[in-house]
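Residue numbers (my numbering), protein chains in the order written: chain A, 3 to 165; chain B, 3 to 165; chain C, 3 to 165; chain D, 3 to 165; chain E, 3 to 165; chain F, 3 to 165.
Just to be clear, a hint being listed does not mean it is correct.
You can't tell identical chains apart in this list, so a pair holds if it fits in one copy or across any two.
[What the hints assert, rightly or not] As a list, the in silico BS3-like pairs of lysine-lysine whose alpha-carbon atoms are at most 30 Å apart: (1) K23 / K85; (2) K132 / K70; (3) K23 / K70; (4) K132 / K23; (5) K152 / K132; (6) K152 / K48; (7) K48 / K85; (8) K85 / K70; (9) K152 / K23.
Derived by calculation from the structure, the hints in this document are not laboratory data.
There are 6 protein chains.
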Amino acid sequence: MSELTHIDQHGHAHMVDVSAKVSSLRTACASARVFTRADVVERIRKAEMKKGDVLATARIAGIMAAKKTSELIPLCHPLALSKVTVDFLLHDSGEIEIHTLCRLQGQTGVEMEALTAASVAALTIYDMCKAVDRDMIISNIRLEEKEGGKSGHWQRQGGTPHA
Amino acid sequence: MSELTHIDQHGHAHMVDVSAKVSSLRTACASARVFTRADVVERIRKAEMKKGDVLATARIAGIMAAKKTSELIPLCHPLALSKVTVDFLLHDSGEIEIHTLCRLQGQTGVEMEALTAASVAALTIYDMCKAVDRDMIISNIRLEEKEGGKSGHWQRQGGTPHA
Amino acid sequence: MSELTHIDQHGHAHMVDVSAKVSSLRTACASARVFTRADVVERIRKAEMKKGDVLATARIAGIMAAKKTSELIPLCHPLALSKVTVDFLLHDSGEIEIHTLCRLQGQTGVEMEALTAASVAALTIYDMCKAVDRDMIISNIRLEEKEGGKSGHWQRQGGTPHA
Amino acid sequence: MSELTHIDQHGHAHMVDVSAKVSSLRTACASARVFTRADVVERIRKAEMKKGDVLATARIAGIMAAKKTSELIPLCHPLALSKVTVDFLLHDSGEIEIHTLCRLQGQTGVEMEALTAASVAALTIYDMCKAVDRDMIISNIRLEEKEGGKSGHWQRQGGTPHA
Amino acid sequence: MSELTHIDQHGHAHMVDVSAKVSSLRTACASARVFTRADVVERIRKAEMKKGDVLATARIAGIMAAKKTSELIPLCHPLALSKVTVDFLLHDSGEIEIHTLCRLQGQTGVEMEALTAASVAALTIYDMCKAVDRDMIISNIRLEEKEGGKSGHWQRQGGTPHA
Amino acid sequence: MSELTHIDQHGHAHMVDVSAKVSSLRTACASARVFTRADVVERIRKAEMKKGDVLATARIAGIMAAKKTSELIPLCHPLALSKVTVDFLLHDSGEIEIHTLCRLQGQTGVEMEALTAASVAALTIYDMCKAVDRDMIISNIRLEEKEGGKSGHWQRQGGTPHA
Numbered sequence: 003m004s005e006l007t008h009i010d011q012h013g014h015a016h017m018v019d020v021s022a023k024v025s026s027l028r029t030a031c032a033s034a035r036v037f038t039r040a041d042v043v044e045r046i047r048k049a050e051m052k053k054g055d056v057l058a059t060a061r062i063a064g065i066m067a068a069k070k071t072s073e074l075i076p077l078c079h080p081l082a083l084s085k086v087t088v089d090f091l092l093h094d095s096g097e098i099e100i101h102t103l104c105r106l107q108g109q110t111g112v113e114m115e116a117l118t119a120a121s122v123a124a125l126t127i128y129d130m131c132k133a134v135d136r137d138m139i140i141s142n143i144r145l146e147e148k149e150g151g152k153s154g155h156w157q158r159q160g161g162t163p164h165a
Numbered sequence: 003m004s005e006l007t008h009i010d011q012h013g014h015a016h017m018v019d020v021s022a023k024v025s026s027l028r029t030a031c032a033s034a035r036v037f038t039r040a041d042v043v044e045r046i047r048k049a050e051m052k053k054g055d056v057l058a059t060a061r062i063a064g065i066m067a068a069k070k071t072s073e074l075i076p077l078c079h080p081l082a083l084s085k086v087t088v089d090f091l092l093h094d095s096g097e098i099e100i101h102t103l104c105r106l107q108g109q110t111g112v113e114m115e116a117l118t119a120a121s122v123a124a125l126t127i128y129d130m131c132k133a134v135d136r137d138m139i140i141s142n143i144r145l146e147e148k149e150g151g152k153s154g155h156w157q158r159q160g161g162t163p164h165a
Numbered sequence: 003m004s005e006l007t008h009i010d011q012h013g014h015a016h017m018v019d020v021s022a023k024v025s026s027l028r029t030a031c032a033s034a035r036v037f038t039r040a041d042v043v044e045r046i047r048k049a050e051m052k053k054g055d056v057l058a059t060a061r062i063a064g065i066m067a068a069k070k071t072s073e074l075i076p077l078c079h080p081l082a083l084s085k086v087t088v089d090f091l092l093h094d095s096g097e098i099e100i101h102t103l104c105r106l107q108g109q110t111g112v113e114m115e116a117l118t119a120a121s122v123a124a125l126t127i128y129d130m131c132k133a134v135d136r137d138m139i140i141s142n143i144r145l146e147e148k149e150g151g152k153s154g155h156w157q158r159q160g161g162t163p164h165a
Numbered sequence: 003m004s005e006l007t008h009i010d011q012h013g014h015a016h017m018v019d020v021s022a023k024v025s026s027l028r029t030a031c032a033s034a035r036v037f038t039r040a041d042v043v044e045r046i047r048k049a050e051m052k053k054g055d056v057l058a059t060a061r062i063a064g065i066m067a068a069k070k071t072s073e074l075i076p077l078c079h080p081l082a083l084s085k086v087t088v089d090f091l092l093h094d095s096g097e098i099e100i101h102t103l104c105r106l107q108g109q110t111g112v113e114m115e116a117l118t119a120a121s122v123a124a125l126t127i128y129d130m131c132k133a134v135d136r137d138m139i140i141s142n143i144r145l146e147e148k149e150g151g152k153s154g155h156w157q158r159q160g161g162t163p164h165a
Numbered sequence: 003m004s005e006l007t008h009i010d011q012h013g014h015a016h017m018v019d020v021s022a023k024v025s026s027l028r029t030a031c032a033s034a035r036v037f038t039r040a041d042v043v044e045r046i047r048k049a050e051m052k053k054g055d056v057l058a059t060a061r062i063a064g065i066m067a068a069k070k071t072s073e074l075i076p077l078c079h080p081l082a083l084s085k086v087t088v089d090f091l092l093h094d095s096g097e098i099e100i101h102t103l104c105r106l107q108g109q110t111g112v113e114m115e116a117l118t119a120a121s122v123a124a125l126t127i128y129d130m131c132k133a134v135d136r137d138m139i140i141s142n143i144r145l146e147e148k149e150g151g152k153s154g155h156w157q158r159q160g161g162t163p164h165a
Numbered sequence: 003m004s005e006l007t008h009i010d011q012h013g014h015a016h017m018v019d020v021s022a023k024v025s026s027l028r029t030a031c032a033s034a035r036v037f038t039r040a041d042v043v044e045r046i047r048k049a050e051m052k053k054g055d056v057l058a059t060a061r062i063a064g065i066m067a068a069k070k071t072s073e074l075i076p077l078c079h080p081l082a083l084s085k086v087t088v089d090f091l092l093h094d095s096g097e098i099e100i101h102t103l104c105r106l107q108g109q110t111g112v113e114m115e116a117l118t119a120a121s122v123a124a125l126t127i128y129d130m131c132k133a134v135d136r137d138m139i140i141s142n143i144r145l146e147e148k149e150g151g152k153s154g155h156w157q158r159q160g161g162t163p164h165a
């Protein structure tokens with residue numbers, strides 16, 4: 003039976019040993035959603051047409067956060083990421099989708115990096131829009147797909163986000 | 003009409019001037035939810051009874067992340083937080099509630115700090131449990147209440163989380 | 003006669019005591035120049051018209067670097083900056099001007115923060131354009147103006163940059 | 003024709019994929035100049051004879067900054083640098099030359115690390131001497147030479163610094 | 003005769019070149035001791051039985067500090083640690099033993115990482131208990147054993163800690 | 003009876019509320035000792051006469067670490083330190099004393115900052131000398147004196163270090 007990692011036989015947290023794992027090309031994709039109002043999305047979109055600063059700022063924040071993952075998540079291994087992308091889809095309904103991808107040639111997966119990038123991009127959107135919508139909610143931060151490593155390819159079943 | 007902050011009249015991102023704002027005691031409360039399976043919550047609970055490491059680790063991660071907020075969110079001001087708490091409620095249904103509180107005597111609010119603490123605590127739970135439930139979803143990261151500053155007291159309307 | 007600060011009577015580096023200095027509103031403006039080719043500036047400008055990403059990225063990098071100044075410069079005091087702006091002027095000749103402003107209510111000046119923001123914004127432009135112009139030079143990083151503190155207002159004499 | 007990197011086909015910033023690049027031994031050399039007054043250089047030199055603190059501090063700051071490059075420059079890859087040196091040449095005319103070298107066995111170059119080390123060493127000199135010369139200018143931050151990777155050996159043409 | 007590393011032939015600090023060293027599996031074990039009163043150890047032990055927070059917090063702090071070693075120790079190389087553990091032994095006499103282990107497949111040893119983890123775990127215990135015992139002393143931070151690299155296996159002679 | 007701080011009534015770690023504490027001028031002095039061989043101290047001393055790099059590097063490392071204390075110690079408050087000094091005493095017997103002082107006008111003490119500076123300065127000496135003495139021991143990291151805050155002046159009783 004599979005077990006909680008990061009907890010040794012005495013129940014103590016530790017950074018698990020990955021030195022014996024095979025190095026492979028690993029990719030992880032994650033997503034998040036920001037629920038705001040239609041008019042806020044409209045303002046962000048117009049701003050994007052002019053200067054793109056809200057999304058440009060959130061994109062940079064997400065990329066930089068991916069690189070900080072092992073500083074934030076106590077038991078994550080430090081990783082030399084070889085690729086990070088952060089993209090956005092704006093919906094007229096007042097919803098913003100965030101999609102991230104991280105890649106690495108290494109001994110451990112990059113799920114946490116992709117999830118951290120998505121979370122911090124979402125928090126940055128909140129920060130830049132909170133003056134007009136304090137009620138905004140960040141939801142559905144989740145792993146979408148991963149490839150590489152012993153467990154191979156995995157893809158989330160069921161396309162509809164839930165919470 | 004209220005406007006997107008952090009964007010100057012030319013649409014450029016900048017860190018807004020707070021030097022003329024009155025210093026007041028500011029508190030913000032945020033929450034997040036992690037949706038996993040009932041058996042994972044059960045394992046975390048038992049682990050907590052023994053050593054408490056999953057939640058203890060997530061709690062420390064959340065507190066340390068609150069202090070890193072201005073490094074993660076590009077346009078956040080560096081703040082000398084005077085209090086941070088991170089708490090958890092485990093539901094048998096397979097849901098984990100995270101509640102955070104940040105406090106500061108200063109010229110700008112601590113909403114982003116409370117939201118960042120909640121997000122990173124949730125990501126840490128994901129990291130420590132992903133070996134047993136890769137499908138876990140982090141949702142409903144949201145501001146619950148704030149106090150202090152020009153806008154005074156604010157509390158979210160409607161107790162039921164949505165997404 | 004004025005003396006090198008940060009060196010005690012024995013010649014040892016130390017972080018000088020500012021606890022007895024009066025708290026005042028302090029502002030510093032700095033600038034830097036990136037010398038590249040006309041066609042590179044043209045590409046950056048067109049990119050800016052579309053998405054603005056080179057300059058948007060450099061702007062965010064500069065703002066975030068201002069907040070990291072005391073981590074980078076060994077003897078700088080940690081400061082709670084209340085405002086940071088980073089702006090750009092593109093010249094058809096192939097020159098990019100960077101102008102930064104930092105502000106603080108506090109006991110020590112923000113010159114290093116403004117200079118660090120300008121330097122890192124320039125380095126970011128170099129990074130994003132080095133594939134098309136490895137010869138690029140960053141020059142004329144300098145303080146332009148400062149206000150506040152015991153020495154009051156100061157402005158650089160002579161408008162023409164030299165090197 | 004070569005293109006701006008770090009911008010995808012839609013004009014969005016991203017951290018480019020280096021996972022398919024060949025790992026090779028890569029070296030980059032950069033330089034910077036600080037223009038101050040003859041008497042400031044004289045004081046630094048005498049201090050160096052006694053305790054060396056101004057240059058020793060700037061050297062340490064430059065080395066530590068090289069290791070922080072991927073935290074400062076948004077789209078830089080995190081790198082496991084295998085060597086960093088920072089050296090100084092003092093000219094009686096009131097000019098300080100800074101020379102840096104970074105080395106790595108890896109999939110991406112270390113130009114930004116060498117340039118960042120030079121910039122932060124220069125900023126540290128500014129910080130330690132600004133009490134006696136606020137007019138100091140940091141100039142000619144530039145790549146001098148690089149080796150390794152697909153593009154092989156490259157050396158700057160023309161030995162005279164310009165700005 | 004062996005020489006001080008990190009100092010070049012001119013006596014200047016630099017980050018030594020490890021690019022030509024053979025990559026091997028390297029492990030280092032370190033320890034530290036905190037000397038407090040019997041009743042403080044008793045309180046920590048009881049707390050550990052209930053929630054474990056003092057030691058859980060110190061353990062997380064030690065693990066995270068191991069990952070920060072190259073940011074703290076100026077001439078340390080950045081390393082991608084593959085394993086970190088931090089453990090504690092409580093003695094009724096009022097003494098707390100800290101044992102750490104770091105592992106890496108790489109070109110340079112992990113002694114500093116193991117020592118840094120032990121030091122920061124000890125400082126965290128001090129921080130959490132200083133309200134009840136300000137006199138606490140942290141001692142005997144030392145390397146216990148190392149394996150891998152050119153010098154092979156090494157173990158400290160003499161089991162009794164001294165100071 | 004005094005209680006462990008940083009643990010709430012349920013035994014959970016948290017960053018304690020200091021917002022109601024009076025702001026006062028606070029100073030803390032700490033010390034540490036590095037036990038090495040007489041010939042290593044001799045080499046460091048000679049190096050210091052020439053370039054001072056071992057001690058200069060350790061001094062800078064200690065000062066920078068003081069500023070990083072709240073990033074390292076999970077429940078420490080972020081503080082705007084107004085002064086940091088790190089000094090050394092070399093003994094012919096092969097012992098190095100480290101003395102640190104931190105100062106702040108604020109609501110919480112700076113003991114942890116002084117202790118962290120001493121620890122990291124000691125670790126840096128270890129790092130720079132480990133090639134010639136792997137047996138080195140860091141001991142007697144302890145608070146020497148504090149001033150300011152509700153508890154007023156405190157000084158360690160008994161001048162002889164023990165362990």
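The hints, checked one at a time:
1. K23 / K85: Cα proximity of K23 and K85: in one copy and across copies (21 Å, 12 Å).
2. K132 / K70: Both: 24 Å inside a copy, 19 Å across copies.
3. K23 / K70: both (23 Å within a copy, 23 Å between copies)
4. K132 / K23: between (44 Å within a copy, 18 Å between copies)
5. K152 / K132: Close across copies (15 Å), not inside one copy (42 Å); limit 30 Å.
6. K152 / K48: between (45 Å within a copy, 29 Å between copies)
7. K48 / K85: Intra 29 Å, inter 25 Å, cutoff 30 Å: intra and inter.
8. K85 / K70: both (14 Å within a copy, 18 Å between copies)
9. K152 / K23: The answer is both: 9 Å in one copy and 23 Å across copies each meet 30 Å.
Violation of the numbered hints given earlier is absent; every hint is satisfied by the structure.
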